[in-house]
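Chemist: Given the sequences, and given the hints that come with them, work out the whole structure.
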Amino acid sequence: MVHYKHMQITNLAKRLELAGLTEKQALVYVAALFLGPAAVQRIAEQSGVNRATTYVILAELAEMGLVSETTEGKKTVYVAEAPEAIERHLNSLEKEIEARKDELKKTMKELKEVSRVEVADAPVVRFFKGPEAISAIEAYTKRKARKDDIVYSISDVDEILKVFPDLLKTGPERRKKKNISSKMFYSGSIQVGDDPKSNRQTKKISEKARGDVSIYSDRMTIVSFKGNDSTGVIIESKEVVAVMRQLFELAWEKQSKK
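All the letters of the sequence shown, read from the start, carry residue numbers 21 to 278 under this note's numbering.
Please keep in mind that the hints were generated in silico from the structure rather than gathered at the bench. Keep in mind that this is a model prediction, so the values were computed, not measured. Check the hints yourself; a few may be wrong.
[To be verified] Straight line, CA to CA, 25 Å or less: simulated SDA-like cross-link-like pairs of lysine to any residue:
hint	residue 1	residue 2
1	164	181
2	95	160
3	258	173
4	149	247
5	258	156
6	44	107
7	196	183
Modeler: See the structure below:
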């Protein structure tokens with residue numbers, strides 16, 4: 021019989037957890053409901069919650085309006101309120117949540133304005149590591165390609181073609197579809213000339229490029245080619261990109277005068 025009652029308490033308590041009570045709150049409440057007016061010691065034994073914790077839980081339940089404290093002679097006992105008290109408690113919580121939602125609506129506009137200012141000033145930087153880094157950067161550039169953009173780049177063509185053998189063919193085709201023009205400093209054993217059809221201008225440099233840098237209108241990507249230790253970085257920031265584009269243009273102009 022005792023075992024059956026304990027199972028009942030446990031099962032009912034689990035269902036009350038779905039109503040928002042914690043595990044121990046549910047156990048103590050159901051135990052008190054079974055016992056009627058009872059001292060802390062008996063409630064603790066019936067619920068399986070230790071005595072010290074039961075005191076704390078009973079105080080929480082009293083604040084929720086689910087138990088009340090009274091005296092029998094000189095002894096303090098606790099009485100579980102009728103189950104309808106749980107519904108009243110939930111209704112009270114619902115009203116409290118609605119009040120909080122209303123308060124949030126009042127301040128939402130100001131919060132959004134503050135959020136926009138902070139986001140506008142903060143660069144977004146993403147890092148990729150390992151052999152998938154290069155593919156992740158390539159997928160990003162395809163996805164983010166914008167019509168009529170101008171791309172500045174510094175590339176090691178030999179390294180790029182090891183990873184993407186068809187890039188010199190597919191790259192210009194992709195740019196042409198969106199009318200994207202490019203200016204590229206490159207190093208490598210392969211000659212990459214200007215291509216008016218795909219709006220590509222190139223300048224070969226004598227020193228080996230240490231990876232690949234591509235600068236777009238409001239973002240840039242950096243890739244280092246090191247096999248399993250390759251690194252990819254995406255920077256989304258108009259301010260940072262503007263500085264990098266200016267440096268590239270100065271280098272391009274200087275190279276053109278040679």
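Chemist: Do the alpha carbons of residue 44 and residue 107 lie within 25 Å of each other, as the hint requires?
Modeler: 18 Å, holds
Chemist: Take the C-alpha atoms of residue 149 and residue 247, compute the straight-line distance between them, and say whether it is at most 25 Å.
Modeler: 10 Å, holds
Chemist: Taking only the CA atoms, is the gap from residue 196 to residue 183 under or equal to 25 Å?
Modeler: 22 Å, holds
Chemist: Does residue 156 sit within 25 Å of residue 258, going by the straight-line distance between their CA atoms?
Modeler: Holds, at roughly 21 Å.
Chemist: Can you confirm whether the C-alpha distance between residue 95 and residue 160 stays at or below 25 Å?
Modeler: This hinted pair is violated, its Cα atoms lying about 72 Å apart.
Chemist: Are the Cα atoms of residue 258 and residue 173 separated by 25 Å or less?
Modeler: 17 Å, holds
Chemist: Compare the distance between the alpha carbons of residue 164 and residue 181 with 25 Å, and conclude whether the hinted pair is satisfied.
Modeler: Cα-Cα ~22 Å, so holds.
Hint 2 alone, counting from the list given before, is not met by this structure.
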